[in-house]
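Q: Okay, here's what each chain looks like letter by letter:
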Amino acid sequence: MKKISLEVNGVQENQEVEVGTTLLRFLRDTLDLTGTKEGCNEGECGSCVVLLDGRPVNSCLVLAVEADGAKVTTIEGLSPDGVLHPIQKAFLAHTSIQCGFCTPGMVVTAAALLKECPDPSEDEIRKALAGNLCRCTGYRQIVDAIRDAAAAMRTKEAVREKVSA
Amino acid sequence: MKAEADGDDDAGAEILVSTEHLAPFPGLGRETRIKSQCTWNVAPRGGAGKRGLMRSDLDYVVPSTVEEAVALQAGSSGAVYLLGGTDLLPQMRAGRKDPGRLIDLKRIPLLREVRETEGGGLSIGAAAVMADVEIHPVVLARYPLLAECVKTVGAWPLRQRATLAGNVCNASPAADTAVALLALDATLNLVSAQGRRSIPVSAFFRGPGQTALRPGELMTDVILPAASAGFTGSYLRLSRRKGMDLATVGVLVGKRNGKLTLAARWRIALAAVAPTPLRVPDAEQVLEAKGSIAVWEAAELAVAACRPITDLRGSAEYRRDMVGVLVRRGVVGLG
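Sequences listed follow chains A and B, in order.
Per our numbering: the first sequence ends with 165, consecutive numbering throughout.
Per our numbering: the second sequence ends with 335, consecutive numbering throughout.
Just so you know, the hints here were simulated from the structure itself, not pulled from any lab data.
Heads up, a few of these hints could be off.
Stated by the list, open to error - Here are the simulated lysine-lysine pairs, PhoX-like style, with alpha carbons at most 20 Å apart: (1) B:LYS151 - A:LYS127; (2) B:LYS106 - A:LYS71; (3) A:LYS3 - B:LYS106; (4) A:LYS127 - B:LYS106.
Unchecked claim - Simulated restraints, written as ranges between beta carbons of each label pair: (5) B:LYS242 - A:VAL163: 39 to 49 Å; (6) B:GLU317 - A:VAL83: 52 to 62 Å; (7) A:VAL163 - B:THR232: 44 to 54 Å; (8) A:LEU84 - B:SER64: 37 to 47 Å; (9) B:LEU312 - A:GLU157: 41 to 51 Å; (10) B:SER77 - A:ASP32: 36 to 46 Å; (11) B:GLY75 - A:ASP53: 45 to 55 Å.
Positions of the beta carbon are idealized from the N, C-alpha and C atoms, including for glycine.
Please build the complete structure, drawing on both the sequences and the hints.
A: Next up, the structure:
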């Protein structure tokens, strides 16, 4: 067992974990943050994507011990106090969800993309999400939702700048 | 189809799968043994009921210098270096590797650096992640072929962990970054308890998963030489899906114009069509001697250089044909 200390969704966590425990299992089993899903468990499907120090990573390919000292944001951390993130709102508006299993990974990856690239083209969105598989609906509504969310977030940002200016 | 557990029910169950539908491909038997994809779905070895992944006595150490890392490796049997873990962790979970200790190199500051060398080249630290390499300004300005290849590996989140050094050490015949490193005459810097050495990437690959790395040896960085700056071109890659799939065939064609048309330099390297990624110097020379008019000759030389196998991604015949097609397409695209 190893002691680790990391910040998850703004909360400091000090825990003991087995070396073989992935960040994914740690989040789900130890911290009960079950929004992050386990799909393939080998980095192919993207259901388990979380932000590790701001970067989107497959949490099934990260050991919990490797995240010692890091800041982790899960899908739960994107909607503090139950207020949905603009990407989540857009997913609802476009019905980009059927069974919902891939959705947390999609939303977290999209959030990372929009932070780096606030106005992505369709091609950029598809490339960034190439590692997030959806087996229900296809990707049309998902891509549309992310484009809409990007526009909404840019508008919000512009308003904020105007107000503070 | 019959399924048959191999008796060891805690991991790595092998399943016999009928492959009658593959009968047109002479290289494949009627039945092939595949490793179950669902080994993670059962209790871990030594685990206490919860799904973990590996042996419960697995040790994990975090050296802060290269010297410390090498000493930790020399001092224990069954220790392996850990970079991004994107290959290693699935291999451990599938039972193909079973180390007793992981030596995490990611917290060694020196290994995370990407910096220009005194000779005007670029040093890419072993722990620098692909997502950073593919957008590094020096890579984009002087070694764009490398960025072309790196972008095709896995998906964006995967490349936030995966490293060039890891891709090279894993030595897959389909390693996408290896073709760029071969084309750009990269050098690999290695260190072990016996000292430091540098070897050209062309001498590194020995076969699938086989490299010139000695036991306990650690790769510190990959050097792209100043003399290889300025090649542009494309990595033409066929796969069953546009993202997140290994290459069925990969062909890198690079060119750097000289002052005279015939002074142009060419680079051709192939992935997934031989036991190792390979470069085709004959094809490059014929293009350098005759110009792109020799495209058919160059393509034939590339086809002759490859030794593909038939597998789930494609037959040997298909791969050989596609090498010719892609070399021609790449050369014509560059004029």
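Q: Hint compliance check: list the failing hint numbers for this structure, sorted ascending.
A: Going through the list in order, the structure violates hints 4, 11 and respects the others.
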